[in-house]
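Following the hints, position chain B against chain A.
2 protein chains.
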Amino acid sequence: MNSEDIRGFFASREQLDMADYLVLDYYIECVGDIETALAHFCSEQSTAQWRRVGHDDEDFRPKYAAKVISLTVEGELSALSYPVKHSESGPVHACRVTIAHPHCNFGPKLPNLLSAVCGEGAFFTPGVPVVKLLDIKFPESYLMAFDGPKFGIEGIRDLLHAYDRPIFFGVVKPNIGLSPEHFAEIAFQSWIGGLDIAKDDEMLADVDWSSLVDRSHALGEARAKAERQTGEPKVYLANITDEVDRLIELHDIAVRNGANALLVNALPVGLSAVRMLARHTKVPLIGHFPFIAAFSRMEKYGVHSRVMTKLQRLAGLDSIIMPGFGSRMMTPEEEVKENIEECLQDFGHIKRSLPVPGGSDSALTLETVYRKVGSVDFGFVPGRGIFGHPMGPRAGATSIRQAWEAIEQGASLESWAVGRPELQVMVDGANRKKQEDVKK
Amino acid sequence: MNSEDIRGFFASREQLDMADYLVLDYYIECVGDIETALAHFCSEQSTAQWRRVGHDDEDFRPKYAAKVISLTVEGELSALSYPVKHSESGPVHACRVTIAHPHCNFGPKLPNLLSAVCGEGAFFTPGVPVVKLLDIKFPESYLMAFDGPKFGIEGIRDLLHAYDRPIFFGVVKPNIGLSPEHFAEIAFQSWIGGLDIAKDDEMLADVDWSSLVDRSHALGEARAKAERQTGEPKVYLANITDEVDRLIELHDIAVRNGANALLVNALPVGLSAVRMLARHTKVPLIGHFPFIAAFSRMEKYGVHSRVMTKLQRLAGLDSIIMPGFGSRMMTPEEEVKENIEECLQDFGHIKRSLPVPGGSDSALTLETVYRKVGSVDFGFVPGRGIFGHPMGPRAGATSIRQAWEAIEQGASLESWAVGRPELQVMVDGANRKKQEDVKK
Numbered sequence: 001m002n003s004e005d006i007r008g009f010f011a012s013r014e015q016l017d018m019a020d021y022l023v024l025d026y027y028i029e030c031v032g033d034i035e036t037a038l039a040h041f042c043s044e045q046s047t048a049q050w051r052r053v054g055h056d057d058e059d060f061r062p063k064y065a066a067k068v069i070s071l072t073v074e075g076e077l078s079a080l081s082y083p084v085k086h087s088e089s090g091p092v093h094a095c096r097v098t099i100a101h102p103h104c105n106f107g108p109k110l111p112n113l114l115s116a117v118c119g120e121g122a123f124f125t126p127g128v129p130v131v132k133l134l135d136i137k138f139p140e141s142y143l144m145a146f147d148g149p150k151f152g153i154e155g156i157r158d159l160l161h162a163y164d165r166p167i168f169f170g171v172v173k174p175n176i177g178l179s180p181e182h183f184a185e186i187a188f189q190s191w192i193g194g195l196d197i198a199k200d201d202e203m204l205a206d207v208d209w210s211s212l213v214d215r216s217h218a219l220g221e222a223r224a225k226a227e228r229q230t231g232e233p234k235v236y237l238a239n240i241t242d243e244v245d246r247l248i249e250l251h252d253i254a255v256r257n258g259a260n261a262l263l264v265n266a267l268p269v270g271l272s273a274v275r276m277l278a279r280h281t282k283v284p285l286i287g288h289f290p291f292i293a294a295f296s297r298m299e300k301y302g303v304h305s306r307v308m309t310k311l312q313r314l315a316g317l318d319s320i321i322m323p324g325f326g327s328r329m330m331t332p333e334e335e336v337k338e339n340i341e342e343c344l345q346d347f348g349h350i351k352r353s354l355p356v357p358g359g360s361d362s363a364l365t366l367e368t369v370y371r372k373v374g375s376v377d378f379g380f381v382p383g384r385g386i387f388g389h390p391m392g393p394r395a396g397a398t399s400i401r402q403a404w405e406a407i408e409q410g411a412s413l414e415s416w417a418v419g420r421p422e423l424q425v426m427v428d429g430a431n432r433k434k435q436e437d438v439k440k
Numbered sequence: 001m002n003s004e005d006i007r008g009f010f011a012s013r014e015q016l017d018m019a020d021y022l023v024l025d026y027y028i029e030c031v032g033d034i035e036t037a038l039a040h041f042c043s044e045q046s047t048a049q050w051r052r053v054g055h056d057d058e059d060f061r062p063k064y065a066a067k068v069i070s071l072t073v074e075g076e077l078s079a080l081s082y083p084v085k086h087s088e089s090g091p092v093h094a095c096r097v098t099i100a101h102p103h104c105n106f107g108p109k110l111p112n113l114l115s116a117v118c119g120e121g122a123f124f125t126p127g128v129p130v131v132k133l134l135d136i137k138f139p140e141s142y143l144m145a146f147d148g149p150k151f152g153i154e155g156i157r158d159l160l161h162a163y164d165r166p167i168f169f170g171v172v173k174p175n176i177g178l179s180p181e182h183f184a185e186i187a188f189q190s191w192i193g194g195l196d197i198a199k200d201d202e203m204l205a206d207v208d209w210s211s212l213v214d215r216s217h218a219l220g221e222a223r224a225k226a227e228r229q230t231g232e233p234k235v236y237l238a239n240i241t242d243e244v245d246r247l248i249e250l251h252d253i254a255v256r257n258g259a260n261a262l263l264v265n266a267l268p269v270g271l272s273a274v275r276m277l278a279r280h281t282k283v284p285l286i287g288h289f290p291f292i293a294a295f296s297r298m299e300k301y302g303v304h305s306r307v308m309t310k311l312q313r314l315a316g317l318d319s320i321i322m323p324g325f326g327s328r329m330m331t332p333e334e335e336v337k338e339n340i341e342e343c344l345q346d347f348g349h350i351k352r353s354l355p356v357p358g359g360s361d362s363a364l365t366l367e368t369v370y371r372k373v374g375s376v377d378f379g380f381v382p383g384r385g386i387f388g389h390p391m392g393p394r395a396g397a398t399s400i401r402q403a404w405e406a407i408e409q410g411a412s413l414e415s416w417a418v419g420r421p422e423l424q425v426m427v428d429g430a431n432r433k434k435q436e437d438v439k440k
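These protein sequence lines are chains A and B, in that order. Under my numbering, think of the first position of the first sequence as 1, with each following residue one higher. Under my numbering, think of the first position of the second sequence as 1, with each following residue one higher.
The reader is advised that the hints may include incorrect statements.
Since the list gives no way to pick out one identical chain from another, each pair is judged satisfied if it fits inside one copy or across any two copies.
Stated by the list, open to error - Cross-link-like lysine-lysine pairs, in silico, DSSO-like; alpha carbons within 30 Å at most:
| # | residue 1 | residue 2 |
| --- | --- | --- |
| 1 | Lys300 | Lys337 |
| 2 | Lys433 | Lys150 |
| 3 | Lys137 | Lys372 |
| 4 | Lys85 | Lys300 |
In case anyone wonders, no lab produced these hints; they're calculated from the structure.
Chain A on its own, in the form it takes in the complex (with noise of 0.2 Å):
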């Protein structure tokens, strides 16, 4: 390109209409000329050739380029942070980059969407062989287009009549390997425990020794079982992941046989099907996080967590199961906070997701995850902290609710487990552990 060709790549958002355009904000390392590379960058991700040949006055990229709109480099780099084989050379910077992208290229789809921001053009561009997208906003004009969440957080709350705390999920355990029969009596008792919501693992699905119908069936008469002694409404989380013609089909099962959410693997059966089905649902709809790590986990390379939080809004999540808080999860504090906030925030007409940050809980961490989010605003979601309690899952329920009451009474955990044995014998484990870890 030459200078003149390049031009046609950059705008000041004045000259644009920006309700015509989605906003990406990417880090980027390019190599040699930083303007060169940014134009490649626009031009392939949107217009990679803007005239027809003999058409010397057309030019589609007023209206069909995407743009740079702002340009910060933050320094030059002695090497890209990763090696990657690639054609350029010259020296390598690094960028923060902000592109305005007419979304009329593609509409508001979904798989359109994602095509258009992570896919050949951003990522195969000459001189850029290091990409991250970090951000998408939309313009209200592009939001209207979708539904978002159908219930969002006050639907589950009101579904459970729970306000003004956090909401329980529990993941049955052992997660692969038991009866439907087996299964209900757990989720039985941890629901007479105090759970809110008894949910299937994310690796259980429609299984032969464990069919949806069976195992939707069960759960359906234990939880009206659980509602009656409680006198409190309970909820059994199916997950109903699998093909995306077969969604629709499980969420008549399941719902008909007494599972009042659903759970679906967002990534895995893709955020079009999400939506798809978050359209149908008469349930709240619930994602699960599997294959978020594999583009997410480097720091300057793939596509930004938060980017797929807030596409999981948009696609209709009522709640979406994130990577939480704790080393075990791999995940910056920070990162997980911005998850959280995706959920939260102001996003046009969409509802508000329940975020809930995975990862190892038990009443031990509670609190921790409570300080960190920073409102009640979220779900928590152990599976070994509660059925993997030493007492047994009715006891590993007992104990969550135990640990939120020491919040509410500003007690510490240690004097509130006092005459509790269900947060006692949890406290003295971790106590146990502490003094063995000293030992080595």
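Quick look at chain B alone, frame taken from chain A:
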């Protein structure tokens, strides 16, 4: 886990009925004790808690646990290859590990398979911060549940009456912004010039300024005219990438109007949607690769592109467009060859897919690509190499066919170009560029 717990996640192939298992190859970097990390790696991706509390004689591992069946410690590293926040301490080892994963845990379903092999388990294991899924091997019993491509390479060749040579695709350019009428005229010219398949860009789908209804109608007519004029079958490859609940409808519209192959962006719509479409389709289904680089470019992290090629073939794509040769595509040559091999090698009863290694091709690169592929069983897919040709798209297509004639005749491109102006202008352009580069 204690040493007995750990033992439950190791086995030899001889101890297992391998028909019950997928075989997964991972590169991992683990921190601390290797066997402990690997036991967690298996446990997290299968039965994380393998007995109910209070049932000490219960053990779900023999049937449901993923198990290490082979381990090669490649060496100790001074640090992880990529910085990842994590909780373990101890020596860091690079390992190649082979895992037998029981497919009864999820069944022959692509979203559930993806959740199992590159989900929370694989990527959030304590002590395993760096993971790359390298390959999946399937037992025949699992493959039997999949139909694979309906047409395959032979079906595409029969459609075009094109044997013993590559299939010549071209991405109509300008890719974004053309009216259906102008698009049809350009495609027509390229067919007359010798192209087999004129295709929509992966970024051009059903948009208001070029609806699929209008475009497929215009292209269907142009194709019929080109077939009459040349006496050869031609293909219009229409991009129906869209929300998954519109794919079947768009298939029907495009095919009714005269599109005789369909393009879909496989990862953005989801592999499961591809499988659904492959079951329905009346014409060959061709996949494009947006999003693949986000998780496959890092040498030691994410998911190898080979896995996605294999899964796309399994899902039923008759042809797979993939990042090809040349430094613009930033993909090591060996990786491109592996992806081509994945399309062509024996895969149970699953038909072969036509590999289309793409990236900035033209008459000038055909021989190189052909020699690297090592057979005529590939598609060649220039964009600007045809539609940016100085003499126009008809000449651009002709230049590709002339380049193939040169190969068939064993002639050099330079000598074959004499008296063939379409090829000559490409050769002249390349020579001019070489001289300019020398001057620099």
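> Can you name, in rising order, the numbers of the hints this structure does not satisfy?
Replying inline: 2
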